[in-house]
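> This is what each chain is made of:
There are 2 protein chains.
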Amino acid sequence: MHQIVAAIDIGGTNTVIGIVDKEGNILSRASIPTTDYPNPKDLVEVVSKKILDLIAFCQLPTAGFVLAGVGIGAPNGNYFSGTIEFAPNLKWKGVIPLAKYFSDTLNVKAVLTNDANAAALGEMYFGGARGMKDFIFVTLGTGLGSGIVVDGKMVYGHDGFAGELGHIIVMQHGRQCGCGRKGCLEQYCSASGIVKTYFEILRSAGSESPKLIDSEKVDAKYIFEKAMGGDENAFYAFNYTGEVLGLALANSVAYTSPEAIFLFGGLAQAGELLFNPTVISFEKNLLNIYRDKIKILPSALPENDAPILGAASLIWNELAQHS
Amino acid sequence: MHQIVAAIDIGGTNTVIGIVDKEGNILSRASIPTTDYPNPKDLVEVVSKKILDLIAFCQLPTAGFVLAGVGIGAPNGNYFSGTIEFAPNLKWKGVIPLAKYFSDTLNVKAVLTNDANAAALGEMYFGGARGMKDFIFVTLGTGLGSGIVVDGKMVYGHDGFAGELGHIIVMQHGRQCGCGRKGCLEQYCSASGIVKTYFEILRSAGSESPKLIDSEKVDAKYIFEKAMGGDENAFYAFNYTGEVLGLALANSVAYTSPEAIFLFGGLAQAGELLFNPTVISFEKNLLNIYRDKIKILPSALPENDAPILGAASLIWNELAQHS
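Chains as they are written, first to last, in the numbering used here: chain R, 800 to 1122; chain P, 800 to 1122.
Extracted from the complex, chain R is given alone in its bound form (with noise of 0.2 Å):
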């Protein structure tokens, strides 16, 4: 018999759906925009006749296979309970029992987390962490999103909330981040955080005022293009960057020792700008018995792909951890 999943990555504009199976093969897709429901209800609707046109589509011989379930990646997803949890990114307030929502709409299991940690999976599953029972994974988009695996299973904590590295404190009274408090990672260790950087160079190098570009323009694409163009302070600005995020990191191995760290998104893509500062200063920070013993290797997996495979694994990780 033949198992497929149907993969779903809630995200705050788009909703993506993906029919994967064993072996990672991304069978068919569609996207929706989450924004159009505000009941989440619908959504569940709407995605749920999707899945079965996907399937549909796929022409796979109708005796020959099984939906083993739908795996879902959503902004503050809590595994333990299958419930998105007052996520600011989406128009549902409160608590939204998604995954029973589907389960009972579609009569299959159905496994929701956090995106970050679908991802973590996804890389154990089909990209550079096969076969990694020790991994930490980090996702540096607008925001810094986090997954730790430890001897083979992510690490979901006593209430599903465990691995949010984008909120450590790692400046006492710095920036001040979204969640309410101070200093936290992602504030610096961001598409977000480098633009914040950025203009703080600008400001304190006095060489061009901020007030001479476009500050609408500037995101971190636009450094990554200055810094590869020559821009010093474009360039200081990776270098920071790398600075607080291998400290960071080499504080992070302390906790759970890991094999290697996976940077992936966005900011990851800037490539050596960006690993260049972060290894060195992870290797400076750490403390010697880890030294030169730790990776810390882009994501194995497209971009595009990543939401679709992580949430698949999901459902792959949860057939494997019970069988």
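No lab work stands behind these hints: they were computed from the structure.
Some clues are possibly wrong.
Copies of the same chain look alike in the list, so a pair counts if it works inside one copy or between any two.
Claimed, not checked - Result set (DSSO-like, lysine-lysine): computed pairs, CA atoms no more than 30 Å apart in a straight line:
id : residue 1 : residue 2
1  : 848       : 908
2  : 995       : 821
3  : 1083      : 892
4  : 981       : 1083
5  : 848       : 952
6  : 952       : 932
7  : 821       : 1020
8  : 892       : 849
9  : 952       : 821
10 : 849       : 890
11 : 840       : 908
12 : 1020      : 995
13 : 1016      : 952
14 : 952       : 1094
15 : 1083      : 890
16 : 890       : 981
17 : 952       : 1092
18 : 908       : 952
19 : 890       : 840
20 : 1083      : 821
21 : 840       : 932
22 : 848       : 1016
23 : 892       : 1094
24 : 952       : 995
25 : 1092      : 899
26 : 849       : 995
27 : 1083      : 995
28 : 981       : 1092
29 : 848       : 821
30 : 892       : 1092
Starting from the known structure of chain R, arrange chain P on it as the hints suggest.
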């Protein structure tokens, strides 16, 4: 068949040996000076004989019990390899395969890990963490040791050296640490750390010159007694220690989201003087999703029994995991 284990705690000064049953009763115990044995094999021979003597002393029914194994807690102990590796506080240099020496000599299973990991398991089997699956255990002794339990299992990491919270860098360019780096947590939150803090406070307060007090006399206990007697500088030293510890523990929660954090060791015995500022700083620095639900608790293990109960737990844990 009644099972018992031999528990060994290798310390820089003394090696303590105990015979422990499954309920955590220490049936008999002994101690020998570690420093008398520059060759670890000699210590193993003497300790092995002592174990047989202690078992005889317990007057167990000869046909009715079995020695299930030898559990060993040791500085720089590596669970995976059963070795003590480059322990700065022991005379034995290099890598010592102590678990193998014991299993060869006594012909039973021998399991070794570092002393803080062992004590954390002791807390799980015989202390306040009974029934908990996710917790962090912190020893505040001369240094700061720790053990992290996730989903009911000790976190060892890829290399067996996970859980070195004493060496997370909490102050960049901070106090010089014995590990060669600066600003490690144990330079602030430990019996030796609070002495440094106290002298810093005296120097900056100027109210009582450090020169006027016999600096040899000042240890954590001295500062505790001063604080209990109303000395503001000593009181502030505890406050500062708690502030730094509370922030570090709040950051730790973002990794493994534990149900509770246990504080053990000399400094933890200062009670409210340390716990009050620690809890205030902890809650203030926690990400909102974690607030008001994670307990910071004193260890429920008796100070003198903890190393033995911890080492014994290594074997009970091994049997539980593989049963």
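> Indicate, hint by hint, whether the structure satisfies it.
Results of checking the hints against the structure:
In this assembly of identical chains, residue 848 and residue 908 lie within 30 Å of each other by CA distance solely inside one copy; the values are 16 Å within and 57 Å between copies. Taking the closest pair of Cα atoms, residue 995 and residue 821 never come within 30 Å of each other, the shortest separation being 42 Å inside a single copy and 57 Å across copies. For the homomeric pair residue 1083 and residue 892, the shortest alpha-carbon distance between copies (25 Å) is at most 30 Å, but the shortest distance inside one copy (44 Å) is not. In this assembly of identical chains, the alpha carbons of residue 981 and residue 1083 lie at most 30 Å apart whether taken from the same copy (25 Å) or from different copies (11 Å).
Taking CA atoms no more than 30 Å apart as the test, residue 848 paired with residue 952 passes in neither setting, with 32 Å inside one copy and 41 Å between copies. In this assembly of identical chains, residue 952 and residue 932 lie within 30 Å of each other by CA distance both inside one copy and across copies; the values are 7 Å within and 14 Å between. Proximity of residue 821 to residue 1020 under the C-alpha cut-off of 30 Å is found in neither arrangement, the shortest distances being 34 Å within a copy and 60 Å between copies. Within a single copy, residue 892 and residue 849 get their C-alpha atoms as close as 24 Å, which meets the 30 Å cut-off; across copies the closest is 65 Å, which misses it.
In the homo-oligomer, the alpha carbons of residue 952 and residue 821 lie at most 30 Å apart both inside one protomer (18 Å) and across protomers (29 Å), since each shortest distance falls under that limit. Taking identical chains as interchangeable, the C-alpha atoms of residue 849 and residue 890 lie at most 30 Å apart only when both belong to the same chain, with a minimum of 21 Å there against 68 Å between chains. Proximity of residue 840 and residue 908 under a CA criterion of 30 Å is satisfied intra-copy only: 17 Å inside one chain copy versus 56 Å between copies. In this assembly of identical chains, residue 1020 and residue 995 lie within 30 Å of each other by CA distance solely inside one copy; the values are 13 Å within and 46 Å between copies.
Neither within a single protomer nor between protomers do residue 1016 and residue 952 lie at most 30 Å apart by alpha-carbon distance, with minima of 41 Å and 49 Å respectively. In this homomeric assembly, residue 952 and residue 1094 come within 30 Å of each other (Cα to Cα) both inside a single copy, at 19 Å, and across copies, at 25 Å. Only between protomers do residue 1083 and residue 890 lie at most 30 Å apart by alpha-carbon distance; the minimum there is 28 Å, versus 43 Å within a single protomer. With identical chains, the CA atoms of residue 890 and residue 981 are at most 30 Å apart within one copy only, with a shortest distance of 25 Å there and 45 Å across copies.
Taking the shortest Cα distances, residue 952 and residue 1092 sit within 30 Å of each other both inside one copy (21 Å) and across copies (24 Å). With identical chains, the CA atoms of residue 908 and residue 952 are at most 30 Å apart both within one copy (19 Å) and between copies (27 Å). Taking the closest pair of Cα atoms, residue 890 and residue 840 come within 30 Å of each other only inside a single copy of the chain (13 Å); across copies the shortest separation is 67 Å, beyond that limit. Taking the shortest Cα distances, residue 1083 and residue 821 never come within 30 Å of each other, neither inside one copy (40 Å) nor across copies (45 Å).
Proximity of residue 840 to residue 932 under the C-alpha cut-off of 30 Å is found in neither arrangement, the shortest distances being 37 Å within a copy and 34 Å between copies. For the homomeric pair residue 848 and residue 1016, neither the shortest alpha-carbon distance inside one copy (40 Å) nor that between copies (76 Å) is at most 30 Å. With identical chains, the CA atoms of residue 892 and residue 1094 are at most 30 Å apart between copies only, with a shortest distance of 28 Å across copies and 39 Å within one. In this assembly of identical chains, residue 952 and residue 995 lie within 30 Å of each other by CA distance neither inside one copy nor across copies; the values are 35 Å within and 40 Å between.
In this assembly of identical chains, the alpha carbons of residue 1092 and residue 899 lie at most 30 Å apart only when taken from different copies (25 Å versus 43 Å within one copy). With identical chains, the CA atoms of residue 849 and residue 995 are never at most 30 Å apart, being 40 Å at best within one copy and 64 Å at best between copies. Taking identical chains as interchangeable, the C-alpha atoms of residue 1083 and residue 995 lie at most 30 Å apart whether they share a chain (25 Å) or sit on different chains (25 Å). For the homomeric pair residue 981 and residue 1092, the shortest alpha-carbon distance between copies (21 Å) is at most 30 Å, but the shortest distance inside one copy (32 Å) is not.
Taking the shortest alpha-carbon separations for residue 848 and residue 821, only the intra-copy value of 22 Å comes in at or below 30 Å, while the best inter-copy value is 56 Å. Taking the shortest Cα distances, residue 892 and residue 1092 sit within 30 Å of each other only across copies (22 Å), while inside one copy they are farther apart (44 Å).
The structure is inconsistent with the numbered hints 2, 5, 7, 13, 20, 21, 22, 24 and 26, although it conforms to all the rest.
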